[in-house]
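Engineer: Letter by letter, the chains look like this.
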Amino acid sequence: MAAEAPGTLSIGRTGRRRTRAVFRPVVLSEAAFAWLLIIPAVVGILLVIVFPLLYSFWMSFADVNLLRATGPAIEIFGIRLPLFRFVGLQNYARTFADPVYWSSLWRTLYFVGAFVLEATLMGLGMALVLHERFAGRPLMRSLLLIPWSLSRVVVGLLWIGILDFEFGVLNGILHRAGLIDGYIAFFKEGFRALNVLVSVYMWNQAPFATLLLLAGMQSIPEEHYMAAAVDGAGYWRRLWYITLPALRPILFLILVLSTVNAFLMLDLIYVLTMGGPAQDTTTISWLGFQTAFSFFKFGPGTAILYTLTALCLLLTFVYHWVVLRRYEAEA
Amino acid sequence: MSRLDRRSFLKGAGMLGASTALAGAGTRPARAADKPINFSGWVFKPDTVKDYVDFFNKKHGGQVKYEAIPWAQYHPTMETRSFAGEVVDVMYCAHNFRERWHENGLLRKVDDLPGMDELKKKMTPANLESLKNKDGSLSSVPYFTSLFILIYNEPMLQQAGIKAPAKTWDELMDHCTKLKKDKVSETPYLPNWNNSPSGTMPQFMSDCFSEGANVFDAKNQVIVDQEPGAARAMERWQKAWKAELVNPEVLTKTSSTDTHRLFWSGRYAYTTTHSYYLKSSAGEPENSKLAPKKAKMAMYPGTGQSYMWTDGYTVNAKSKNLEEAWKLARFLGGNLNGDWYVQRQWCLIAGLDNPYPEMYEHPEIVKSYDNWVDLKLLKTQYTKGKVIAAYKEPWYGEYDTKAIAIVQNIIRGSLTVPQGLKDLAKLQKSLA
Amino acid sequence: MGGTIVGERGLGRRVLVYGLVGAVTLWLVGPFVWLFVTSVSYQKHLLARPLSLIPPEVTFDNYRMILGLVRFHAEGQAAKILPSMLNTLIVAAVVTVVNLVVGTTAGYAYARFRFPWKGVSLYVLLFTRMLPTIVLIPAIFLMFRALGLQNTLTGLIIAYCAFTLPFTIWIMKAYFETVPAELDRSALVDGCNRLQAYYRVILPVSGPGLVAGGAFTFMLCWNEFLVALILNTKPGTTTLPPVVAAMNAQINIDYSVIAASGFLGALPAVLLVLVFQRYLVQGLTAGSVKG
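Protein chains in written order, with our numbering: chain A, 1 to 331; chain B, 332 to 763; chain C, 764 to 1054.
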């Protein structure tokens, strides 16, 4: 191996570098080879997404009425695209001027923050537990994915069956056990309802974080732990100095995915609270949906939802900076 | 699993008699339609609607293809279809979407189509008015009519020594307070305060009407802040919430169906909801503890007036087979060949009412209503049904949805009644 | 981490582990068990107070109704459940295979190599997943309709691949980054070219990652609702979520029937995971890295 080649491999806390393969007389450079592997996926995605993306982005700057598809249009590949009336930043301006937007925004940020925290911690906790050796571990790992495999409509209905004030089983159990006198109304107040939403969604999503983390944990070579044990490191030190750093890419991914999912989440609200009581569980996603389809304002609705996209992007860069930058800097 | 025969199912539901009689009497030779037509509706007993379609196809030689779409996505899906150039010839349309679809050229006016004049004459005038577009033209034939009614739990009232259901709102509140005090029921009152378009606001309008208050003036402006009746209704609502006479989660139920289902448990004394929900409460022993006929209807308290509305079937303006589409529309929403077939079936199966008084004279209908409601009382209530015209305004959709938040905040006491009512008027003005 | 909170001894810690395992199991599975109990109960018992955990009467009628063995008033809708389940299975399976082949390979490339436009393309891919589906739908519908892909399983497959590939790429990239590059290096030393290093050495030990990526893709397809609702409405081309939603939306359908349809809908996905879970347990074999 050309040890003097730049970028020698090293593993462990300092991260890893890639090796450069010795250049034989091979047709493809590394970059070309990589692109060859990537092209099918990228092209496939772009072909499907690019057009709807551009078009819907345009719609956020237009006065859109889906029923009035006459008027100016362009033709691409035989598809006629109504252009509607361009209104510049009006949709966005109106959105930002609406107090309901801002109250929904704070609510959404709370929801996302609480959810990401809960889902990541719970996911990590479960992964740590399931990584231990115990009888029945394979079975447990299969059971893990049950909450995640249910469609959100079923998840919502299921949890209503558990939490409902009138006929929920949780209230029934607590009451019979003598722990509560009256019944608990989980959805009565907005803040409580919002927290319930977070927890139900977390129940649905955390197992996937666990799955990813478990997969990553499997790849950490045993030797690292053995070396650490020899050095006298206990459980928590091993966790903090070996496991978590190695899992950084996965943790980053989990943070990003949970954030995006939480921002865009819609169907659970639809099944559990319809944005209520009053507007207490109305997130931006729900507001955008209402604006587009209940108020018939498709342009502003699209604009609202694109502000969500912008927020997701922003947070992704923050995560990248916080989680990955330091990681790469240590390389 | 064998594919089940539709006719035997119809027979099972007691309807085959009717259809065989009709099939025998003067059937035309089946003439295949030139083109198949598409028919879409939201999900409400889609199996029943499929039966209608099959019947139509067989008896009238149609080639109708039917598709049911879940309620929440129904109208947006129809609009997306239209946007992409797809034509659905006959479509359900809820009253609050109709004006928009009409003004945007999606619907064909039906005034000039054969048979419409006759149908207009057979409709009750109030419902005909509410079916019309803002400009007075008609783009819809009726699917069903409903209004808010008061339902009471007779065994529970009797248990508490209450001889007759409340006639005034004060009486109702007194009854509920007594029932709670006597621990007969923890939450005796079940209002339709859910977050769906058929929930809180229609309930609000019904209660305002019953207190003699108007919600909209002749120009469709919101005037509840000037109506003492509206204030009275809201104060009562606040009181009921504060006294915990109401299930605290009633505000987050996602549909009127969910709300009314609670009544089946027999743990509530009074509920105000859509008329057809009484059928499942009082007429279906397999579901409801209050069947048979332990849940009963009473006249709406106060003035007896409550909110009434009509949803309909519409014909697509771009339909390529107008003749067939109109035939289907008349079959569904009227009396094709003099037969009120679909109207009757809806009454028998689901307790759906319609604005054609003539149809109620059929003995089979009278008998079926007997299973769950006093038909005379229901008819009287219908004479007091009040319709609005405000949903024909372009701002109505947004107003109606945002108003729910204001009203629910009044209920919970986060807004005072005068402030809340003022906010409602302000909301409407800001959108107009 | 090396699998031990417990030392070689430590009964107390053993109790802790099993206690935690028990708690996690209850949390994960309890609600699902309740779903099953609901699905075999009669609705009137579910609305009763006090509610009993063990239903006084158990019935499998709800399942029989859904499977068409027993008549009931929503049987037309129920009859659609099995065929649409099959459609969903086909779509999900094909999309998962495509993702595992194409997406994993791309993920590997992103994990191991440097090349121009790498960072940008990665984030563009992730960005496509931050777009709210509802705003994309009119355009997607327009496009697919014009291309004749409406009401086809192929159309759904293409659309779902576009939605799932970005995730798969990112997941596999993150996963491969935890696999030490030493393995690649030793494979190259052994005379493999880069491609062979990938599928002969790296892939076989990537079971856990593949299962994660595959499971994610499968679930996404299995539960996707909006696009399937809009695109595929012709009977025979529908997938499961819209059919279940339509059933649930009906008046008079009991909770127990809804629970049964939900349970049935989840079953194939859960069973699949049960079958593949042993690949989750694969780890690096000692000695694969030459000293």
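One thing to keep in mind: the hints can contain errors.
To be verified - Taking lysine-lysine and the DSSO-like style, the derived pairs with C-alpha atoms no more than 27 Å apart in a straight line are:
| # | chain 1 | residue 1 | chain 2 | residue 2 |
| --- | --- | --- | --- | --- |
| 1 | B | Lys-396 | A | Lys-188 |
| 2 | B | Lys-514 | A | Lys-188 |
| 3 | B | Lys-649 | B | Lys-389 |
| 4 | C | Lys-997 | B | Lys-649 |
| 5 | A | Lys-188 | B | Lys-390 |
| 6 | C | Lys-807 | A | Lys-188 |
| 7 | A | Lys-188 | B | Lys-381 |
| 8 | B | Lys-451 | B | Lys-707 |
| 9 | B | Lys-651 | C | Lys-807 |
| 10 | A | Lys-188 | B | Lys-723 |
| 11 | B | Lys-570 | B | Lys-512 |
| 12 | B | Lys-511 | C | Lys-997 |
| 13 | B | Lys-381 | C | Lys-881 |
| 14 | B | Lys-396 | C | Lys-997 |
| 15 | B | Lys-366 | C | Lys-807 |
| 16 | B | Lys-620 | C | Lys-807 |
| 17 | B | Lys-390 | C | Lys-997 |
| 18 | C | Lys-997 | B | Lys-624 |
| 19 | C | Lys-997 | B | Lys-389 |
| 20 | A | Lys-188 | B | Lys-570 |
| 21 | B | Lys-627 | C | Lys-997 |
| 22 | A | Lys-188 | B | Lys-649 |
| 23 | B | Lys-396 | B | Lys-452 |
| 24 | B | Lys-625 | C | Lys-997 |
| 25 | A | Lys-188 | B | Lys-366 |
| 26 | B | Lys-514 | C | Lys-881 |
What the hints assert, rightly or not - Far from chain C by the CB rule (all over 12 Å, computed), these chain B residues:
| # | residue |
| --- | --- |
| 27 | Gly-392 |
| 28 | Trp-500 |
| 29 | Asn-666 |
| 30 | Asn-668 |
None of these hints come from the bench; they were simulated from the model. Positions of the beta carbon are idealized from the N, C-alpha and C atoms, including for glycine.
Engineer: For each hint, tell me whether it holds in the structure or not.
Structural biologist: Hint-by-hint comparison with the structure:
1. Lys-396(B) / Lys-188(A): Distance of about 44 Å is beyond 27 Å: violated.
2. Lys-514(B) / Lys-188(A): holds (22 Å)
3. Lys-649(B) / Lys-389(B): Since the Cα atoms of Lys-649(B) and Lys-389(B) sit roughly 25 Å apart, the hinted pair holds (cutoff 27 Å).
4. Lys-997(C) / Lys-649(B): Holds - the C-alpha atoms of Lys-649(B) and Lys-997(C) are around 21 Å apart, at most 27 Å.
5. Lys-188(A) / Lys-390(B): It is violated: about 52 Å lies between the C-alpha atoms, which goes past 27 Å.
6. Lys-807(C) / Lys-188(A): holds (25 Å)
7. Lys-188(A) / Lys-381(B): violated (39 Å)
8. Lys-451(B) / Lys-707(B): holds (24 Å)
9. Lys-651(B) / Lys-807(C): This hinted pair is violated, its Cα atoms lying about 49 Å apart.
10. Lys-188(A) / Lys-723(B): Outside the cut-off at roughly 34 Å; violated.
11. Lys-570(B) / Lys-512(B): holds (15 Å)
12. Lys-511(B) / Lys-997(C): Answer violated: Lys-511(B) to Lys-997(C) is near 52 Å, above 27 Å.
13. Lys-381(B) / Lys-881(C): Judged against 27 Å, a Cα distance of about 54 Å means the pair is violated.
14. Lys-396(B) / Lys-997(C): Holds: Lys-396(B) and Lys-997(C) sit about 9 Å apart, inside 27 Å.
15. Lys-366(B) / Lys-807(C): At roughly 47 Å apart (the allowed maximum being 27 Å), Lys-807(C) and Lys-366(B) break the hint.
16. Lys-620(B) / Lys-807(C): holds (8 Å)
17. Lys-390(B) / Lys-997(C): holds (24 Å)
18. Lys-997(C) / Lys-624(B): Answer violated: Lys-997(C) to Lys-624(B) is near 41 Å, above 27 Å.
19. Lys-997(C) / Lys-389(B): holds (21 Å)
20. Lys-188(A) / Lys-570(B): Given that 27 Å is the threshold and the Cα spacing comes to 17 Å, the pair holds.
21. Lys-627(B) / Lys-997(C): Given that 27 Å is the threshold and the Cα spacing comes to 42 Å, the pair is violated.
22. Lys-188(A) / Lys-649(B): Judged against 27 Å, a Cα distance of about 47 Å means the pair is violated.
23. Lys-396(B) / Lys-452(B): violated (30 Å)
24. Lys-625(B) / Lys-997(C): violated (43 Å)
25. Lys-188(A) / Lys-366(B): violated (53 Å)
26. Lys-514(B) / Lys-881(C): Status violated; Cα separation ~70 Å.
27. Gly-392: holds (21 Å)
28. Trp-500: Nearest chain C Cβ is 28 Å from Trp-500(B), so the label holds.
29. Asn-666: About 26 Å separates Asn-666(B) from the closest Cβ of chain C, which puts it past 12 Å; holds.
30. Asn-668: About 26 Å separates Asn-668(B) from the closest Cβ of chain C, which puts it past 12 Å; holds.
In the structure shown, a violation is registered for the earlier hints numbered 1, 5, 7, 9, 10, 12, 13, 15, 18, 21, 22, 23, 24, 25 and 26, in ascending order.
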